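Chemist: With UniProt numbering applied, the sequence shown corresponds to residues 1 to 142, in that order.
It is worth saying that the hints were derived from the structure and are not from the lab.
It is possible that part of the hints are untrue.
Stated by the list, open to error - Label-pair ranges, simulated between beta-carbon atoms: (1) 91 with 62: 14 to 24 Å; (2) 16 with 44: 31 to 41 Å; (3) 83 with 48: 14 to 24 Å; (4) 110 with 40: 29 to 39 Å; (5) 105 with 4: 29 to 39 Å; (6) 107 with 73: 17 to 27 Å; (7) 116 with 34: 32 to 42 Å; (8) 109 with 80: 25 to 35 Å; (9) 59 with 7: 30 to 40 Å; (10) 16 with 51: 32 to 42 Å; (11) 13 with 43: 31 to 41 Å; (12) 112 with 92: 30 to 40 Å; (13) 110 with 83: 29 to 39 Å.
To be verified - Listed next, the in silico EDC-like pairs over lysine to aspartate or glutamate satisfying Cα-Cα at most 16 Å (straight line): (14) 104 with 9; (15) 70 with 37; (16) 104 with 35; (17) 70 with 132; (18) 66 with 105; (19) 104 with 43; (20) 66 with 110; (21) 66 with 9; (22) 16 with 132; (23) 5 with 132; (24) 104 with 15; (25) 66 with 96; (26) 104 with 132.
Keep in mind that this is a model prediction, so the values were computed, not measured.
No residue lacks a Cβ here, since even glycine has one placed at the ideal position from N, Cα and C.
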Amino acid sequence: MSTLKHTQEQLDDLDKLGLNTGPIIVLTLLQYRVEADYSEHPEQSPCSGREAYGRFIQLVYPMAVKLNAKVVFRAPVLHHLIAPKEERWDDFSIVEWPTVSRFKELLTSEDYQSITFHRLAALENSRVLVCEREAGDAYGRV
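Based on the provided sequences and hints, a complete structural model is requested.
Modeler: The following block contains the structure:
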């Protein structure tokens, strides 16, 4: 199973969650290739996976902002305190979306589809986790 691209089934499963009335949080974990794989796009200049992902971010960020998404936090991973030894993540991001439908609107847009080759060239592995945004102190309700 690919950990770089979503499937239509995975998108359809989002609708079944019933989260379309409020904000969601999308947590993304990224593992970069040492060298970006632009073999299907030889017109692109060679670069590292991190640099290729930067190209993707430059293009996708304005699209996300137009859909009212907000980057809450983005940072490099410094240490894997509790994780399998073979697991490695380089960066992570947390983005708040107003609704699931807005997030899906980005993922299914032609503009987004036209730039995903940068993301695919950049990444060795990834995870995209969709979470419900809870108001207040969620830990106080455990």
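Chemist: For every hint, state whether the structure bears it out.
Modeler: Do the hints match the structure? See the list:
{"no.": "1", "hint": "91 with 62: 14 to 24 Å", "verdict": "holds (20 Å)"}
{"no.": "2", "hint": "16 with 44: 31 to 41 Å", "verdict": "holds (37 Å)"}
{"no.": "3", "hint": "83 with 48: 14 to 24 Å", "verdict": "holds (23 Å)"}
{"no.": "4", "hint": "110 with 40: 29 to 39 Å", "verdict": "violated (18 Å)"}
{"no.": "5", "hint": "105 with 4: 29 to 39 Å", "verdict": "violated (21 Å)"}
{"no.": "6", "hint": "107 with 73: 17 to 27 Å", "verdict": "holds (21 Å)"}
{"no.": "7", "hint": "116 with 34: 32 to 42 Å", "verdict": "violated (20 Å)"}
{"no.": "8", "hint": "109 with 80: 25 to 35 Å", "verdict": "holds (34 Å)"}
{"no.": "9", "hint": "59 with 7: 30 to 40 Å", "verdict": "violated (23 Å)"}
{"no.": "10", "hint": "16 with 51: 32 to 42 Å", "verdict": "holds (37 Å)"}
{"no.": "11", "hint": "13 with 43: 31 to 41 Å", "verdict": "holds (35 Å)"}
{"no.": "12", "hint": "112 with 92: 30 to 40 Å", "verdict": "violated (20 Å)"}
{"no.": "13", "hint": "110 with 83: 29 to 39 Å", "verdict": "holds (37 Å)"}
{"no.": "14", "hint": "104 with 9", "verdict": "holds (12 Å)"}
{"no.": "15", "hint": "70 with 37", "verdict": "violated (29 Å)"}
{"no.": "16", "hint": "104 with 35", "verdict": "violated (29 Å)"}
{"no.": "17", "hint": "70 with 132", "verdict": "holds (15 Å)"}
{"no.": "18", "hint": "66 with 105", "verdict": "holds (11 Å)"}
{"no.": "19", "hint": "104 with 43", "verdict": "violated (29 Å)"}
{"no.": "20", "hint": "66 with 110", "verdict": "holds (15 Å)"}
{"no.": "21", "hint": "66 with 9", "verdict": "violated (26 Å)"}
{"no.": "22", "hint": "16 with 132", "verdict": "holds (13 Å)"}
{"no.": "23", "hint": "5 with 132", "verdict": "violated (21 Å)"}
{"no.": "24", "hint": "104 with 15", "verdict": "holds (10 Å)"}
{"no.": "25", "hint": "66 with 96", "verdict": "holds (13 Å)"}
{"no.": "26", "hint": "104 with 132", "verdict": "holds (15 Å)"}
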